[in-house]
Amino acid sequence: MTNSLRLRLVLLLFLAGGLTLGTAVYFTHNAARQELDALFDAQLAESAHVLLGTARREIAERIEHGTDEMPVAHEYEQTLVYQIWDVHGLIVRSATAPQTPLGDGTPGYTQAKINAKPWRVLTRWDPQHEFMIEIAEPLAGREHLARLIALKMLFPTLAIIPLLALLTWLAVGTGLRPLRQLRREVVQRSAERLEPLAIKNVPREVMPLVTALNDLFGRLKQSIEADKRFTADAAHELRTPLAALKTQAQVAMRASESTDRETALQHVLEGVDRATHLIEQLLTLARVDPEMASVHYQPLSLRHLTAEALGMIEPLARQKHIELALEKSDEAIINGDAGPLAILLRNLLDNAVRYTPAGGQVSVTVSHHPGQGVVLEVCDTGPGIPEEERVRTLERFYRIPGSGVQGSGLGLSIVQRIAARHKARLVLHAGSNGLGLCVKVIFPEHPPGLMRQPRI
Numbered sequence: 098m099t100n101s102l103r104l105r106l107v108l109l110l111f112l113a114g115g116l117t118l119g120t121a122v123y124f125t126h127n128a129a130r131q132e133l134d135a136l137f138d139a140q141l142a143e144s145a146h147v148l149l150g151t152a153r154r155e156i157a158e159r160i161e162h163g164t165d166e167m168p169v170a171h172e173y174e175q176t177l178v179y180q181i182w183d184v185h186g187l188i189v190r191s192a193t194a195p196q197t198p199l200g201d202g203t204p205g206y207t208q209a210k211i212n213a214k215p216w217r218v219l220t221r222w223d224p225q226h227e228f229m230i231e232i233a234e235p236l237a238g239r240e241h242l243a244r245l246i247a248l249k250m251l252f253p254t255l256a257i258i259p260l261l262a263l264l265t266w267l268a269v270g271t272g273l274r275p276l277r278q279l280r281r282e283v284v285q286r287s288a289e290r291l292e293p294l295a296i297k298n299v300p301r302e303v304m305p306l307v308t309a310l311n312d313l314f315g316r317l318k319q320s321i322e323a324d325k326r327f328t329a330d331a332a333h334e335l336r337t338p339l340a341a342l343k344t345q346a347q348v349a350m351r352a353s354e355s356t357d358r359e360t361a362l363q364h365v366l367e368g369v370d371r372a373t374h375l376i377e378q379l380l381t382l383a384r385v386d387p388e389m390a391s392v393h394y395q396p397l398s399l400r401h402l403t404a405e406a407l408g409m410i411e412p413l414a415r416q417k418h419i420e421l422a423l424e425k426s427d428e429a430i431i432n433g434d435a436g437p438l439a440i441l442l443r444n445l446l447d448n449a450v451r452y453t454p455a456g457g458q459v460s461v462t463v464s465h466h467p468g469q470g471v472v473l474e475v476c477d478t479g480p481g482i483p484e485e486e487r488v489r490t491l492e493r494f495y496r497i498p499g500s501g502v503q504g505s506g507l508g509l510s511i512v513q514r515i516a517a518r519h520k521a522r523l524v525l526h527a528g529s530n531g532l533g534l535c536v537k538v539i540f541p542e543h544p545p546g547l548m549r550q551p552r553i
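First residue of the sequence shown? That's 98 in my numbering, and the numbers climb one at a time after it.
Hints listed in this document are in silico derivations from the structure and should not be mistaken for laboratory results. It cannot be assumed that every hint is accurate.
Only pairs whose alpha carbons sit at most 30 Å apart, straight line, appear in this in silico DSBU-like list of lysine-lysine [unchecked claim]:
1) Lys214 to Lys249
2) Lys425 to Lys520
3) Lys325 to Lys417
4) Lys297 to Lys318
5) Lys325 to Lys520
6) Lys417 to Lys343
7) Lys297 to Lys425
8) Lys325 to Lys343
9) Lys214 to Lys537
10) Lys537 to Lys520
Remember, it's a predicted structure, so these values are computed and weren't measured experimentally.
Please model the entire structure based on the sequences and the hints provided.
Below, the structure written as structure tokens:
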């Protein structure tokens with residue numbers, strides 16, 4: 098029950114209601130106390146006025162009887178004490194009044210301690226300024242009456258708490274009905290149903306949740322469709338090299354001459370190399386999408402990443418006697434993820450080396466153009482790509498007819514995906530003098546001051 102949203106809402110509502118009720122009782126008590134103070138102060142003033150009006154006659158009677166105490170006439174007077182003074186001292190006092198002064202003699206209302214308890218004292222002189230009366234009342238009675246008034250207001254409210262709790266529970270349940278409807282709709286869906294949830298009549302508070310779910314469904318749908326396309330394409334692309342391997346193996350088995358057998362086996366080895374490269378590219382492509390979905394951008398040195406990629410591809414270039422050169426390398430900082438960017442660089446360089454004939458050249462430049470961006474350019478002296486074919490080379494598994502190179506058709510597709518996720522543009526153009534191919538990746542400029550020390 099502690100994880101029940103309904104219970105939490107009810108408890109929070111009751112907590113808020115309790116605080117509101119407590120505050121109301123507090124202010125009601127204070128207001129009642131102020132009203133009672135005004136009322137009882139007026140009664141003190143009236144009592145003082147009456148006593149002063151009869152002071153001369155009462156004083157004469159007390160002197161005649163030889164006492165300074167006056168009898169209690171009413172039960173209300175049991176809560177009052179008073180003293181009448183003249184210039185010579187105490188003349189008359191009530192039966193319960195002490196011999197000492199009740200107040201400090203200051204005219205008007207004051208607070209005093211009598212028998213260690215707080216009292217309200219009124220001091221007045223008669224019009225002739227012959228007699229002074231001090232009349233006092235204990236404050237405990239006022240406080241008791243104010244508390245009684247507040248409690249009488251509180252008790253009816255407390256009596257309806259059970260009914261209020263039931264109504265609140267039902268009201269919260271009604272308010273949470275859209276969540277229950279949303280739950281039913283999601284539970285009733287099959288794994289294949291990834292269309293967006295209906296947003297009609299969805300409460301504003303639930304709309305962010307529905308929007309987030311719809312975004313999730315959309316991403317899942319795209320991911321599943323991409324996986325299906327990838328599986329279909331991979332099966333199609335692997336079918337041809339595997340069939341060729343089988344054919345060459347059968348030729349080797351049937352060959353009667355050792356030369357024919359060796360030739361067939363050599364074709365098998367070449368086919369295995371091509372299939373291995375294709376599988377590696379397929380695995381790279383399969384890994385790129387999940388990595389790009391959770392990409393962690395940070396400032397990176399493109400010069401350092403390029404140098405690392407050149408070091409990895411150098412053995413392949415040396416094997417083909419290809420000159421690999423880093424012609425220009427500015428200190429260029431980009432915002433990106435090191436893992437996918439390393440894949441981008443390896444594929445660019447691998448493509449360039451594979452399509453460049455022995456003895457050719459592959460050149461790399463990293464340049465920073467303030468206000469425009471950071472440019473990575475890889476140029477080769479290979480056969481190049483006709484202008485009308487350049488857009489299609491970015492499609493998966495597309496190979497240029499008659500290129501003479503057994504590639505997977507995935508390299509530039511992988512580069513395009515990673516570049517797009519880094520908000521970079523991919524430009525293909527002919528090399529100098531129209532020879533070879535140059536692939537240019539233009540990254541947006543890293544915002545200055547975001548991070549002084551790039552990760553290298």
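Tested hints:
no.	hint	in the structure
1	Lys214 to Lys249	holds (26 Å)
2	Lys425 to Lys520	holds (23 Å)
3	Lys325 to Lys417	violated (37 Å)
4	Lys297 to Lys318	holds (22 Å)
5	Lys325 to Lys520	holds (26 Å)
6	Lys417 to Lys343	holds (29 Å)
7	Lys297 to Lys425	violated (58 Å)
8	Lys325 to Lys343	holds (27 Å)
9	Lys214 to Lys537	violated (94 Å)
10	Lys537 to Lys520	holds (14 Å)
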